[in-house]
Every structure is written in C-alpha cells, then in structure tokens.
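Produce the complete structure using the sequences and hints provided.
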Amino acid sequence: MPLPADRFLPLFLACQNDLRAFIGAMVRDPALREDLFQEVSMVLWRKFDSYDLTRSFGAWARGIAAKKILESQRTQSRQPQAIPPEVIEAVAAGFSQAEQADTHTWQERESALSTCLDQLPARSSALMAERYHKSRAIEDLAEEFGMSVDGIYQTLSRLRRQLRECVSRRLRLAA
Amino acid sequence: MDPSEVSRLSLRWLDGVATDVERERLFEVIAADASAALVFAQHARFEQLLASASHDRARQAVVMAATKRQQTRHQRQQMLWRGLKAAAVLLFVGPVIWFAWPRPEPERAVLRQPAPRPSLRAQPGQAAPAAVAITEPKPPEPSATLPTAEPPTVPLAQRLTSFYLPPMKFEQVTLAEALRQIEAQMKAINQNTDHDLARLLLQMPASAAQQKISFDSPGMGVLPLVQAIAGLAGCEASLASDSPRLVLNLSNPQIQRQTRTFSTFTSEEELANADQLARDARAVGIDTSSWQVNDKGQRLPPAQITASAGQLKALDALSGARAALAQIPPVRVRALVVPRPPGTENRELTIKERDDYLARGDLTPSATFELKPGTRGVSLSPQKPPASQAPAQLIVHSQDTPLHLTNSEPQLAMNTPSAPVFTLRSMPMGNGQALLVNASPRTASTTGSYANAESSTKFTTGSNTVPDTNLSLQGAVTAGNSASADLIITNITMNHSTAPMMLWNRGSNHYAGAVLSLGGGSSLVILPTP
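Residue numbers (my numbering), protein chains in the order written: chain A, 54 to 228; chain B, 634 to 1163.
Just so you know, not all the hints are guaranteed correct.
[Unchecked claim] Derived coverage of chain B by chain A (criterion: at least 3 residues anywhere in the stretch with Cβ under 8 Å from a Cβ of chain A; other residues may be distant):
hint, region
1, 672-683
2, 942-948
[As the list claims (entries may be wrong)] For lysine to aspartate or glutamate, the following EDC-like pairs were computed, each having C-alpha atoms within a straight-line distance of at most 20 Å:
hint, chain 1, residue 1, chain 2, residue 2
3, A, Lys-120, A, Glu-139
4, A, Lys-121, A, Asp-82
5, A, Lys-121, A, Glu-142
6, B, Lys-929, B, Asp-949
7, B, Lys-802, A, Glu-142
8, B, Lys-845, A, Asp-171
9, B, Lys-802, A, Glu-139
10, A, Lys-187, B, Glu-816
11, A, Lys-187, B, Asp-648
[Unchecked claim] Label pairs and their in silico Cβ distance ranges:
hint, chain 1, residue 1, chain 2, residue 2, range
12, B, Thr-899, A, Asp-105, 41 to 51 Å
13, B, Asp-666, A, Pro-63, 43 to 53 Å
14, A, Ala-228, B, Gln-909, 14 to 24 Å
15, A, Arg-225, B, Asp-653, 38 to 48 Å
16, B, Glu-901, A, Pro-63, 26 to 36 Å
17, B, Arg-890, A, Ala-154, 37 to 47 Å
18, A, Val-202, B, Asp-666, 27 to 37 Å
19, B, Asn-882, A, Gly-199, 26 to 36 Å
20, A, Arg-99, B, Lys-929, 39 to 49 Å
21, A, Gly-199, B, Ala-839, 48 to 58 Å
Calculated directly from the structure, the hints in this document are not laboratory data. Even glycine gets a Cβ: it sits at the ideal position worked out from N, Cα and C.
The structure is reproduced here in structure tokens:
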C-alpha cells in the first residue's frame, strides 16, 4: 500500500539537517552540496512509496544520498578529489550510529547551542557568524581578523570545543 | 588511531584546510575503523548544527533590524506629520484666536511630542543586558510628560495578555536575560509598532535581576509570561495604570508559601487536565513525585499542595495560557496566486487590500486551510486543483538566475530583496507539470542541473521564514502549468504564535494576510476569510 504523502514531510523535516550534514561532509563545493541536497530530496519524495517504514528514514535517505554523491563524483568537475565508495559508506554508517546515540532532537540541540553562542564574546561571535553563516573560508577570515590561517583555525577549534561542551552541559541539565 | 587525531583530521577536512596527506590518512582510518567514522560523523553533525544555528540567528537579526527600521521610519513620519499639523493649526487657527480673543495674550497650545523611547530601557552601569532597565520602581511620572499613546481600542492589560509569544524555554537564566529574550521575541513579531507595546517600559528591582529561573512556556501572552517568570524570581509583576509600564516588585516575604486545593478529578477531560497540571507543576519546580498516578499513567495532584507563591503564580499562568489558547477560534485561510502588484515587497496586506482580494471573483484559491492558534502549524494533504484557475500566472517567468534545467523551460530562482531567506525555484517537469521549490537561502545563486522528472513528481524541500510577514512556509509548493495541474500547496505551516498576535495587532480581530513575492510577475497572497 502506498504511503500517504503527509507522512513524508515530518520524516523528511526531522532528518533534513542530518542529511545536509552528511552531504556537506562528503562534498566540498557549497553550490554542489545544495544541488545534491535538492536532488536527493526529490528522489526521496519520488521513491517514498518504496520506503520501508520499519527502517530508519535517515539511513534510507543517506543511502540515496551516498549514491547521488558517487554519481556526482563521476560526472561533476566541481569535485576534483573523489572519495572512495567505502569511505562514503563508512561515514553513512557513522551517521546512523551517531543518530541512534543522540537522545535529543535537532531543535533541542540548536536551542542549547543558541544559548551558548549568546555567551561568546563579541569578537568570537563575529568570527563564528562569518564562518558559519556566511560560509567564509578560513583564509579570508585570517585576512579579515588580522590573524594567521593557523591562528584562525586554532581559535575556531577552541570555540567549537567550548561550544560542544556547553551544548552537552545544557542538554544534560535539561534532561 | 588516537581519537583526538581522528578529531583533528576530521575538523581539518571539514574546515577545508586538510592537506592531501591528511585527507588520505583520514579516509583510510574512516574506512577501516567504525569508531573513527562515528567521530567524523559527530563532528560533521556539529558543523551543520553550527551552520543551522548561525543562519537562524542571522534571520532573527534581519527581523529585528527590519522592525527597528520600520519603527524609526514610522516615528519620523509621525513626528513630521504632527509637526506639520501643529504648524497648520498655528498658521490658520492662531491668527483667528489672536484677533477674536478679547483678553490678554492667549496661552499657547502645548504641543505634545511623541518622545521616542526605547521599549525596554537600559541604565548605564547596570549589569543587565542593554535593552532591559533595572531600576527600582519609581512613582509614576506626571501624565503630561508621558509619550502620547494611540487611543487603545482595548485595555493594555488585555492586549498584552493576548499578544502571544512563541514557546520559549528558559533554563537557569537570569530574570534580566529572560526578560531580554521576551523583549526580543516581542519586537520580532510586533509588526505594528504604532501602539503602546512598542513603548512598553519594564522595570525590575536590581536585586532580582540576577535571580535565575527555569520556565517552559507553551506559547503565552506577554503579560502572563512576565508574571510567571517574575513569580519564579520572587517578584510580582503588575501593569502601571498611567503609562505602558510593567513593574516588577519584590514579593512580600510574609507570603512566601501558599497552599492550593483541588477537587476530585473524574471525567476524562478533567483527568487529562490534571495530568497536564502535573507536568506544568514539574516545569515550575514543584515536586510531584508523591502525586498519585492512576491506571492510565496520569499523574494527579493531591487534594492540597503547598508551594512558593511564585511557583503557584507561574502554574496559574501556564494553566491560564493553555485555556486561553483553546478559546481562540481558528481562522480559515486561503492562498492564491496573483499577478504581482506593482512595487510589492513581501509584507502584510492592509485590510482594504484583503477585502479587495476577497471581493474579486476571478481568483480561485489554490488552497484553503484552517489556522489553529497554539498549534504547531497546519498540514495539508495535496488537494485537487480547482479547474478554473489560470496557472500560467504562476510559472511563466523569465530566467532570473543561471539555474540550468535539462528541458530548457522557463524557470525561476529568486531571492526576494526584502526577505533574503525566502527563495523559490520553479522547475518545469515536463508534461504540463512544474515544480516550485521552496529552498534555503544559500541556494539563491546555486547553479546545477536537474533531470527532467516524471510528471507525477511534485516535491521539494525547505523550511523558510519570511521575516517581513512572519509567515513561515514549510515544505512543498507544487505547481503545474496546465488546467489539470494547477498550483497545489501541499503543506503550509504558519508560525503558530503569530496568529493571535496578528489578530490583536490589527485591532479588528483579523489578520489581514500577507503577500509574498514569487518573482517573475507573480505573488502568493495568503489571507484569512473574514
């Protein structure tokens, strides 16, 4: 029996960030990432009838995304360094494991992160916004913030570590 | 490999700074070791979380900036207009009075200037966030010096009670911070700054500002929400009678604890309410572990409970908010595609525009749905398109961006200037079908290609906010360009909190609607049926 269309959207919306994360981790070109994401979304919708409700929707979506990534590697010139299929498969499995281990919804984590971002000093906050909202390359940030590439990288790493710890702490508290 | 080394390599890859050697090493270890793949996945997910949160924050900033610009523009216009009116009065009425008045020099009319005040004031040197005033409540200022307020159609307390804010969760945040967040929410969804709310002043005792509170609001009016969190911080909030001020005072220490009694719960509805009450009680820090649990797993309060006055106040506010939400009638909403009005940006409709659209007989709604305030949104199943609609209005577009489609049909991919987070693409799919994609902001300039899909394919993705209108569209807007495949809106979610606000905001019990630019000469009009 075909699955009703209205079942699709909640499942899809719940996993879309993970899907973006997966594609983003495998594809370096930002425009190609978005194209792939749109393309995978369309395939998911088209093939929704064949989705087995007993399986994880996220895993199913990643399986399709993995195929699309491999296809794009064959046809796109924008991704010069191909990632071996076994790596893509292993990363997809890693995502499934991470998803299963995560007891919090995306919204809960995002809300916790937002509170943590509020606590950052202005300069750090600006750096994070440039990096993650405007998707600026580290080299550009180094120039803008008057630091070396390594300095920016170290600062970002430290901020991410702090934020990860802060998010975990807040989620623990909330639980 | 050492997990910290996997982390380092993962982050270098995700940051785009990994060398070829590092990349090879990372892929090698991921393929060989499942725990390394997990570490990599965790970092990638966190990167996406950072990106997603950053986009949300930027969107909120856009909303805030737009609101402030609108407010400033409006204040300037209002001052200019009043100045002109005053000048006109002096020019024409002044001489008449001068000559007609038999007595000594007449008193000059006192012109009231609308003193532009920030809605929530800051005092220098205080530790609280800049927007929030931490002042010891003072006696009311003489009314002559107060800003001129528009004559309210309903009392301010009532308006503040029915100005619903979205669900908000406070976890061990200071009272000052909680109020700052409330202010931010309030401003973000307050489209109409022409009233007292935009000038609302909040005062709290400095000693309470750093009190930490936790509270989980299901979506409440401003006043009950402030009263609830004030109660948890040991304060009482009340509205000044002479000006738009919410004043928090420290509670009387003599009434720190209070008792609440409950009658027996029998009907299913009463039992469900009691169970909700138990959840709310836990949310405000009341220990419910000793409360009885019935065979349906519902936790029921005992005949009498004792808690702090603030906790009980917060509990009352929560119960009241739920009851109030249940009372708000749903609104029937229709969505239709129209030729783009000249110079239109994404914005709310005026009442007149709404009435004009409703009066037009040549427009058939593409979808109608019910907007239930207090719920997360409205989910619609795909609907049969009306046969009479002329869908060419929607999808005949010039090529706005270099989005390449394999069938070379007209397409649309635009990023509306006034609402940079709203992006739409229309992609003909063959056999008279078209797909309208509601995509994320970053795709605005994306190039790529799509295979021509089957005519039955009709979906896309995305979750977008349109700041200017406070509407949120989620999911698919699927379109067709033949009489048998008109625009189908499969899912529309409106920000649930904005509906009651807009009902109130318009002062006429109607949310007038919104017009969203689709680009290429078309607009999507969303308007409730009166």
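Notebook entry, point to check: So the hint says 26 to 36 Å: do the beta-carbon atoms of Glu-901(B) and Pro-63(A) match that?
Noted result: The hinted range 26 to 36 Å holds for Glu-901(B) and Pro-63(A), with Cβ atoms some 27 Å apart.
Does the beta carbon distance between Ala-228(A) and Gln-909(B) stay inside 14 to 24 Å, or does it fall outside?
holds (21 Å)
Pairwise hint evaluation, Asp-171(A) against Lys-845(B), where the allowed Cα distance is 20 Å at most: holds (16 Å)
(request) Starting from Lys-121(A), check that the Cα of Glu-142(A) is at most 20 Å away, please. (result) Distance of about 12 Å is within 20 Å: holds.
Query raised in the report: At the C-beta level, are Thr-899(B) and Asp-105(A) separated by a distance inside 41 to 51 Å?
Result: At roughly 44 Å between Cβ atoms, Asp-105(A) and Thr-899(B) fall inside 41 to 51 Å, so the hint holds.
What's the verdict on Lys-929(B) and Asp-949(B), does the C-alpha distance respect the 20 Å limit or exceed it? Measuring from Cα to Cα gives roughly 25 Å; hence the hint is violated.
Checklist entry - Would the pair Lys-121(A) and Asp-82(A) pass a check requiring their Cα atoms to be no farther apart than 20 Å? => result It holds: about 15 Å lies between the C-alpha atoms, which stays within 20 Å.
### Query
Are at least 3 residues of the region 672-683 of chain B within less than 8 Å of chain A when you compare beta carbons?
Result for this restraint: holds, n = 11.
Measuring from beta carbon to beta carbon, are Asn-882(B) and Gly-199(A) in 26 to 36 Å?
violated (49 Å)
Confirm or reject the claim that Gly-199(A) and Ala-839(B) have a C-beta distance inside 48 to 58 Å. violated (39 Å)
Item to check | Pair hint outcome, Lys-802(B) versus Glu-139(A) [Cα-Cα no greater than 20 Å] | outcome: Violated. Lys-802(B) to Glu-139(A) sits at ~42 Å, over the 20 Å cutoff.
What's the verdict on Lys-802(B) and Glu-142(A), does the C-alpha distance respect the 20 Å limit or exceed it?
Cα-Cα ~38 Å, so violated.
Comparing the model with each numbered hint stated earlier shows that hints 2, 6, 7, 9, 10, 13, 19, 21 do not hold.
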